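Engineer: Just so you know, the protein sequences line up as chains A and B, in that order.
1 is the number of the first residue of the first sequence in UniProt numbering; add one for each residue after it.
1 is the number of the first residue of the second sequence in UniProt numbering; add one for each residue after it.
The set of hints was computed from the structure by calculation and includes no laboratory data.
Keep in mind that this is a model prediction, so the values were computed, not measured.
Among the hints, erroneous ones may be present.
As the list claims (entries may be wrong) - Pairs of lysine-lysine residues, derived as PhoX-like cross-links and limited to a Cα-Cα distance of at most 20 Å, are as follows:
#, chain 1, residue 1, chain 2, residue 2
1, A, Lys40, A, Lys24
2, A, Lys24, B, Lys220
3, A, Lys47, B, Lys182
4, B, Lys151, A, Lys42
5, A, Lys24, B, Lys151
6, B, Lys220, A, Lys40
7, B, Lys220, A, Lys42
8, B, Lys119, A, Lys42
9, B, Lys119, A, Lys40
10, B, Lys175, B, Lys108
11, A, Lys24, B, Lys168
12, B, Lys175, B, Lys151
13, B, Lys151, B, Lys193
14, B, Lys119, B, Lys168
15, A, Lys47, A, Lys71
16, A, Lys40, B, Lys182
To be verified - Coverage of chain B stretches by chain A, computed from C-beta distances (three or more under 8 Å per stretch; other residues unrestricted):
#, region
17, 92–105
18, 142–149
19, 183–192
20, 199–206
Using N, Cα and C, we set each Cβ at its ideal position, and we do this for glycine too.
Spelled out, the chains give:
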Amino acid sequence: MSRHLRFIARTVMVQNGNVDEAYKILNRILTHDGVIDAVKRKRYYEKPCRERQRKNFENCRRIYHSEMARKITFISVTNREDPWLGC
Amino acid sequence: NDRKPLQTHGCHQSPRRRRFFRSTFGLQSHSTHRSAGQVTKPSAPNCCPAKARTKICESIGLQRTLCTSAVRRQETAASTTSSAKTSRDSSIFPPIIGEESSLRWGGKKFEELPIAHVKATYNNTHIQLTESTGQSMVRTSCGTEGFKNIKKSTPIAAQTAGISAAAKATAKGVKFVRVVVKGLGPGRLSAIKGLTMGGLEVISITDNTPVPHNGCRPRKARRT
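This is chain B alone, in the form it adopts within the complex (with noise of 0.2 Å):
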């Protein structure tokens, strides 16, 4: 689109197009003859997005309150362990660290099993495995793999990272890991893939990129 200056990151039309839909709702009357050269058909239309956002988190709230209701009358009914297979099996969401959840991994709780820290940036990706307490246990990274450069910012060098932070992890006996991601790098997917490969088995994940609500300044615009 040579008519951007500035680029922006995956926005398949740009925003100087938005003459077309002003002409179009008659907002404004002149320009329209810049856009001609440009008209192009609007893509598939789907329903609006606020509307299908606000409908899904609806139904997230009231699947949420459904599931822990859910897990109290299992508990409350004659429990087996098949009971308390389906109660696992059936809930998208974490157990709540107040006092109601049975589950364990390994015999522990949740709340105490370790941590996998993946950090994701653009050009490289870190794993550390934490106790839950916070005491670093294993780091790797694409770079004590032996990959240099450009081939850090890989999903193979990401996963190898991965698969070794797992065997590091397994010699010191660890089996059930939680999995935290940080940043939306070319390495987010393959290094928790590469941590099941290795042997680990990853029982929950959570994201915790860091969104600043407008906090520092970035760098500039690239202009490519």
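Next up, chain A with everything else stripped away, as it sits in the complex (with noise of 0.2 Å):
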């Protein structure tokens, strides 16, 4: 990273003296950005038919959760207008 100006990305301050609630919020964002998951995969080279496996499974995963998380919010809706109002 010598090219980029340090302490800007990936720095997080620690509030009140709280270094663990600091590192949980460091490792937080590094995670919801992809770092960590970068870094482990990096370590050891990964072959190209691979990396296409996996690219695919994680669409299809991807595809699938939001689908299932679509319908579960679609069936655990409570509060719906009755149907036969007025009957």
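Dock the two chains into a complex; use the hints.
Structural biologist: The following block contains the structure:
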């Protein structure tokens, strides 16, 4: 990171001496940005065929999870307007 | 997971099970017989991770602009020590190295504080304290603390290295320090904890883990 300005990105200030809290915040930011996954994956070389398989798998998984979450939120709605109102 | 020949780090579902997903989407009509023996229930669904990521990035960006403007407003208002303290407590982001911050630690600005570099590899943890200019003050590692071989790659060894580094630094008159962590090893958090236990005060944590944009080719995958 020698070409970048230091202490701007990936930096978290410690508040009230809570070092654990600050580390947790930093970790959450890094996982949400995909940095930790990238570092773990690049430890060993991933052949292009494996990389394609993994990307395909993650795509399918993402579609599946979003569809399932949509279905569950649809089913779990309890406050619906009464379909038999007025009868 | 015996079917997988190569080791993948930390994934709970094998990509071989993509055939399960593919069959549910009708992408592959054949080879469903192979996945029949390994059909498992999907994990608990969350909302789409890409959407969550953009939400958090947007919220972080908004927070940043809000925080800097909040710091300016508090400075131009009737500034007491309490207002300076509240602006310091409420911001997660570091003071930008422009001119606006009124935050001082031991009389020093953020960019003049010494830096504690923590290199957390998978086999060892090194801690080096430097001035803001880059001059090295203190250098400790798990090996210099007397640990050997496998004991170096433990969080306890990193903690003792942190404590000894903090002791040497307080002997040289250092109180506040900003920490830069490099690498994902076992001693990543415990080295910072050791620094605080040894008497130094950590004011910010930076992560400087090197992420290549597909530069050098790493070693081949392990087969265990």
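Engineer: Each hint should be assessed against the structure and marked as holding or not.
Structural biologist: Results of checking the hints against the structure:
1. Lys40/A <-> Lys24/A: Given that 20 Å is the threshold and the Cα spacing comes to 18 Å, the pair holds.
2. Lys24/A <-> Lys220/B: 32 Å, violated
3. Lys47/A <-> Lys182/B: Violated, because 26 Å separates the two Cα atoms, which is more than 20 Å.
4. Lys151/B <-> Lys42/A: Not satisfied, since the Cα-Cα distance of roughly 25 Å exceeds 20 Å.
5. Lys24/A <-> Lys151/B: Violated. Lys24/A to Lys151/B sits at ~26 Å, over the 20 Å cutoff.
6. Lys220/B <-> Lys40/A: 14 Å, holds
7. Lys220/B <-> Lys42/A: 10 Å, holds
8. Lys119/B <-> Lys42/A: 17 Å, holds
9. Lys119/B <-> Lys40/A: 16 Å, holds
10. Lys175/B <-> Lys108/B: 11 Å, holds
11. Lys24/A <-> Lys168/B: 27 Å, violated
12. Lys175/B <-> Lys151/B: 30 Å, violated
13. Lys151/B <-> Lys193/B: 18 Å, holds
14. Lys119/B <-> Lys168/B: Holds, because 18 Å separates the two Cα atoms, which is no more than 20 Å.
15. Lys47/A <-> Lys71/A: 36 Å, violated
16. Lys40/A <-> Lys182/B: Holds: Lys40/A and Lys182/B sit about 13 Å apart, inside 20 Å.
17. 92–105: holds (count 5)
18. 142–149: violated (count 0)
19. 183–192: As far as the region 183–192 of chain B goes, the hint holds, because 3 residues have Cβ atoms under 8 Å from chain A.
20. 199–206: With 6 residues in contact (Cβ-Cβ under 8 Å with chain A), the coverage given for the region 199–206 of chain B holds.
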